[in-house]
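4 protein chains.
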Amino acid sequence: MAKPIVKVGINGYGVIGKRCADAISLQDDMKLVGISDIASDYRIKLAQLKGYPIYCSLPEKEEEMRKAGIEVVGTLEDMLKEVDVIIDCTPKGIGAKNKALYDKHGVKSIFQGGESHELTGLSFVAQCNYKEALGKDSLRVVSCNTTGICRVIGSLHKKLGIKMARVMLARRACDPWESHKGGVINTFYPEAHIPSHQGPDAQTVIPDLPIITIAAKGPYNISHMHFAFVEFREKVDRETVISVLDEAPRIIFVNAGDGIEALNSVLEICRDLQRPRADLWEVAVWKDILALNEDCTEAYLIYQVHNEAIVIPENIDAIRALTELETDPMKSIEKTDKSLGIVKKLL
Amino acid sequence: MAKPIVKVGINGYGVIGKRCADAISLQDDMKLVGISDIASDYRIKLAQLKGYPIYCSLPEKEEEMRKAGIEVVGTLEDMLKEVDVIIDCTPKGIGAKNKALYDKHGVKSIFQGGESHELTGLSFVAQCNYKEALGKDSLRVVSCNTTGICRVIGSLHKKLGIKMARVMLARRACDPWESHKGGVINTFYPEAHIPSHQGPDAQTVIPDLPIITIAAKGPYNISHMHFAFVEFREKVDRETVISVLDEAPRIIFVNAGDGIEALNSVLEICRDLQRPRADLWEVAVWKDILALNEDCTEAYLIYQVHNEAIVIPENIDAIRALTELETDPMKSIEKTDKSLGIVKKLL
Amino acid sequence: MAKPIVKVGINGYGVIGKRCADAISLQDDMKLVGISDIASDYRIKLAQLKGYPIYCSLPEKEEEMRKAGIEVVGTLEDMLKEVDVIIDCTPKGIGAKNKALYDKHGVKSIFQGGESHELTGLSFVAQCNYKEALGKDSLRVVSCNTTGICRVIGSLHKKLGIKMARVMLARRACDPWESHKGGVINTFYPEAHIPSHQGPDAQTVIPDLPIITIAAKGPYNISHMHFAFVEFREKVDRETVISVLDEAPRIIFVNAGDGIEALNSVLEICRDLQRPRADLWEVAVWKDILALNEDCTEAYLIYQVHNEAIVIPENIDAIRALTELETDPMKSIEKTDKSLGIVKKLL
Amino acid sequence: MAKPIVKVGINGYGVIGKRCADAISLQDDMKLVGISDIASDYRIKLAQLKGYPIYCSLPEKEEEMRKAGIEVVGTLEDMLKEVDVIIDCTPKGIGAKNKALYDKHGVKSIFQGGESHELTGLSFVAQCNYKEALGKDSLRVVSCNTTGICRVIGSLHKKLGIKMARVMLARRACDPWESHKGGVINTFYPEAHIPSHQGPDAQTVIPDLPIITIAAKGPYNISHMHFAFVEFREKVDRETVISVLDEAPRIIFVNAGDGIEALNSVLEICRDLQRPRADLWEVAVWKDILALNEDCTEAYLIYQVHNEAIVIPENIDAIRALTELETDPMKSIEKTDKSLGIVKKLL
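Protein chains in written order, with our numbering: chain Z, 28 to 374; chain W, 28 to 374; chain E, 28 to 374; chain P, 28 to 374.
Read the hints as simulated data drawn from the structure, not as lab findings. Incorrect hints may appear among the rest.
Any copy will do: because identical chains look the same in the list, a pair fits if it lies in one copy or spans two.
[Stated by the list, open to error] 30 Å max Cα-Cα, derived DSS-like pairs, lysine-lysine:
#, residue 1, residue 2
1, K58, K190
2, K88, K126
3, K94, K372
4, K314, K72
5, K94, K371
6, K362, K58
7, K314, K88
8, K72, K158
9, K208, K371
10, K314, K208
Throw the hints in and build the complete structure from the sequences for me.
Next comes the structure, spelled out in structure tokens:
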């Protein structure tokens, strides 16, 4: 029997959209029909250079795109006629407006963490709730920080039982591509509300997760760093905590003692390993920094969440879950990880 | 009866030393005998411009200083013969080597947070343990971060009883004057050991304080920001938490809702208020960000610690305590605060 | 005969407006009638704290301001009825819209460098063209960078005759107070047009100045740095170049050999000197870096322009020129400089 | 006849060394014998992961390396016995000390720009003086900034005749991998000597190049930006200037009008193109910013020099020149460019 191929379109070719496009191109059970956007600059020209068919998300932008030398093959609606699944990677809030259009075309839709949980009623992290997504029409891949929390804190909770996780998130202020326009200089800028949205957001994926988050952002653009005080329901030991993380997917360990001391160190390794865009899809946990209190009731963790890359494998798995291409979560995760080069050991 | 005047010398005219010199000059019960250093650059020339007598800490540096146009009035030992108290503001670790010399001259000595607790056996924060220092020969004013913790978390512990304080410290990477040489760029850099030293260090001041700290530093130079998850022994309410902080010395409130949103906002106010060097001697706590959990057993706080300035009033109080110029802690604190312009309400 | 007092109002209480308010308050021949703005946050509350009467620039904002606890004494038009001169410090482009209102009230008006030369037909730098402004109704104080160029390159041109000045401007990306929202991270961002506007803008003050400028901005907020390749019409010598700058107002020398090595070093000195807001009203030229080519036909200069502060004395002089309070440029400059603490030698 | 294979070793596996190792591995006329270093951290472990034989540069470091799990196959001297050419990528100044050892083993040696011209007497940029290097024993590949100048300003000089090039270099403060330890924060830091060393250094490659450079560094780590005021001996036109650069090797054009506005934009494209480590081997010249004065005697250029990558192709060509693997400069350049993926048009 011929292997089924799911046809996928991407609306919004930005930080997440372009990575999803490349990732889909690496899957043997998916086909990228095209990408849709409204920009006319180098970003879309790069999509063209890669050979991705380009659609126009707003009719009024089509002429501008053509004038810039972009070969527009159709409108977003044209693309929707050709796809089984659409990944919406438009800026925060735009996705919500697009959903009716996707529904009208009977296309399954995947949204990103900028949209609300309520939009689809299903917030997704592959290793947490893949099965809930099987056959659904729509879901939301949660944001980078929430994904990181679900992977790390969620794994510990599932296996060891958390009484309360208190997590401080030191966020990057903007992404590299936009850093000449959207940054922060020489200050640290807290979110003015506690809990910050990431804690409650993680509970849309793992409802019984006891967590409180505080967030702030600083003048850097290369990824986030989380500082977690994890209080367990019962005594644990360091080896167990480590083995739980070691067995969970998409989490790797790094050691400060190996000279891997800060956010930039891990990304330098991703560069050295010739990873595409120097991306870190995994959460990197500092193993030799991980410590417990004397009573062995709390663990303290520092980990890195690469906001540009971490949700890419989740989007791929989400396609498989919605379309039931694969019903076994771990089989999908393994297939995605193999195709992208996601590992359990960086070096 | 004539008011006694304590004669003070300062060894090390850097970030802390120069501020201590100015602060002592504002006291009516102290006299600055001079400052001692080994540098020959603009820093010492500014001391000369202010009229501070300049001594040389190392004989072999004297000629270099003179050649640079600095009028050296004597050696460090000459200065020690003239003073009752020496404030050691030399770089970390040098103070420990200097103590024997101070002792030899029978001079009371104050060290900074870079030195170990063991050097003097007494780690000092005025509002916590002033009375312990009365008549002692020597003490250590704890570091900026530890001072901030003792003021804020210490006050809450004393009045409300803390079960466990979990604090993440987002540190500035270096001071403004040295920022062309000593910085960090586009990354976040955790301390590789948990607990970071500030938690145990706070316990040298408040032995029964239950606290765990995690620290990291970022690419900014204007002050530190702490993120505290404070778990109380019993239920509390928001008003009580606020009133405890409001009644404690050297803590002020700011509100994000007033546009005071980040580290730079508070320091812009210090500039606007024409404070010397735009210094913030107080800990600034964000009042409208302060929140409690539903059970009212935990409070979450964000506060700013201005590393350049926060320990200055502590050094002044330390002089009064060691020399018994004043035996009532609050009288010394009030006198110091009035002289420097320390307030309970910034605007 | 009683000394005349000029009544001045300020519209726009931002980076420039607040400094102008403080500077006017220091003059014995001027009176600050009030400041007008539309904001309700800490910035305006600080104006209130300083005792400045507060007017509201837009009627629809008055209620919001009152609700925030600001005592609004009237509208902008009310203030205009009371003043002889208005300094418009509103954001770029707003000033142009305000001019008709000022004219209607018969109030002389001073605009900032964000407005176009054409708005008033007179672009002003005190030491260059004070006399042109005598008795005029309106003028524009040019921007920080243009003021810096006019002082330094203008002085050299006037005394020595420049064949061509080629200047690269490394600009700060935003001001400290707004640095949590408006910055640049880890990149250098050139202006996409050569010449950048500052060269032609300097020619609105000094029409025969041969100059070309290229500009870019970087991830810092503390001031601008200019790099000038100045080609003279005839041979010069280093001493002459230095003496020309030494004799010009509002230019000071600093030396890298004194440890004054970068933008932050100079501002640290301003902090140490207890200057208000650590402001540097003067242009700081690195004397020991200043060099000539072998033929002695070109000089190479590096200087610092403190964008927040440099135009403040110009605004004060502009008031005197427009109102003919003082007809002698140097007398006004000296009076302003004495009142603010502007020097010819920093240390 | 069998194609000759040159055996190459690399001493110093840092920013340049690791890129040279990868680049050599891509050549069909070279073989990487191994790399030599003294470090024991993740950097060397990555070399091991790539399968590069690892030698130890200092005998006293060998045990430490072995303990860290690095399989050391021999000493630096062992490696020198096996190679025809050594590329010295050790830190500035160490190379000079190593030369006698290389000479003793009769190995041809290539040094980097941190070493002085005098060390080898031959400073090399492939497109400028390849033929001078044919058959020599040793040469120095000049630094990143000097290489950028030689490519861009050198090409213009060769074809159009420069009267004087005045270039301001805005340098990155440190490299990404070391940015948690070696940076600059919130300031701009000029080199205290004019001319900065890059101008004279370019003259070691192109002796008759009339050039003056001024340098400063800022708080970013992703590459350098040059601002060039190029005065020609005779009138030129914009099309000619552009075509000269278009015809020169290893220079590409970018346009701000395409959204490629700053250093980060170009490197984002390198990431999107899946270039190894997001490297930019070419100099990127902003085509739509490039302007001429009215007289058409001067051109103004802004270009980007990626310090981590720009000298890598030069090192490969240097191997071919020293060993006479290829005597035609353009044939070597084309071969190198093809192997690395160096282009004349980025998108």
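Tell me, please, which holds for K208 and K371 at an alpha-carbon limit of 30 Å: within, between, both or neither? between (36 Å within a copy, 28 Å between copies)
Alpha-carbon proximity context of K94 and K371, limit 30 Å: between (46 Å within a copy, 23 Å between copies)
At most 30 Å between CA atoms: does that hold for K314 and K88 within a copy, between copies, both, or neither? between (49 Å within a copy, 26 Å between copies)
If the cutoff is 30 Å on CA atoms, where do K88 and K126 land: within, between, both or neither? Let me know, please. within (20 Å within a copy, 38 Å between copies)
Pop the pair K314 and K72 into one bin, within, between, both or neither, using alpha-carbon distances up to 30 Å. So K314 and K72 pass the 30 Å test across copies only (17 Å; inside, 42 Å).
If the cutoff is 30 Å on CA atoms, where do K58 and K190 land: within, between, both or neither? Let me know, please. So K58 and K190 fail the 30 Å test inside a copy (44 Å) and across (56 Å) alike.
From the Cα coordinates, with 30 Å as the cut-off, is the pair K314 and K208 best called within, between, both, or neither? Intra 36 Å, inter 21 Å, cutoff 30 Å: inter-copy only.
Given a CA cutoff of 30 Å, do K72 and K158 count as a within-copy pair, a between-copy pair, both, or neither? neither (38 Å within a copy, 39 Å between copies)
Quick one: K362 to K58, C-alpha cut-off 30 Å, is that within a copy, between copies, both, or neither? within (15 Å within a copy, 36 Å between copies)
Within a copy, between copies, both or neither: where do K94 and K372 come within 30 Å Cα-Cα? For K94 and K372, the Cα distance is within 30 Å only across copies (20 Å; inside one copy 47 Å).
In this structure, the earlier hints numbered 1, 8 are contradicted, and the remaining ones agree with it.
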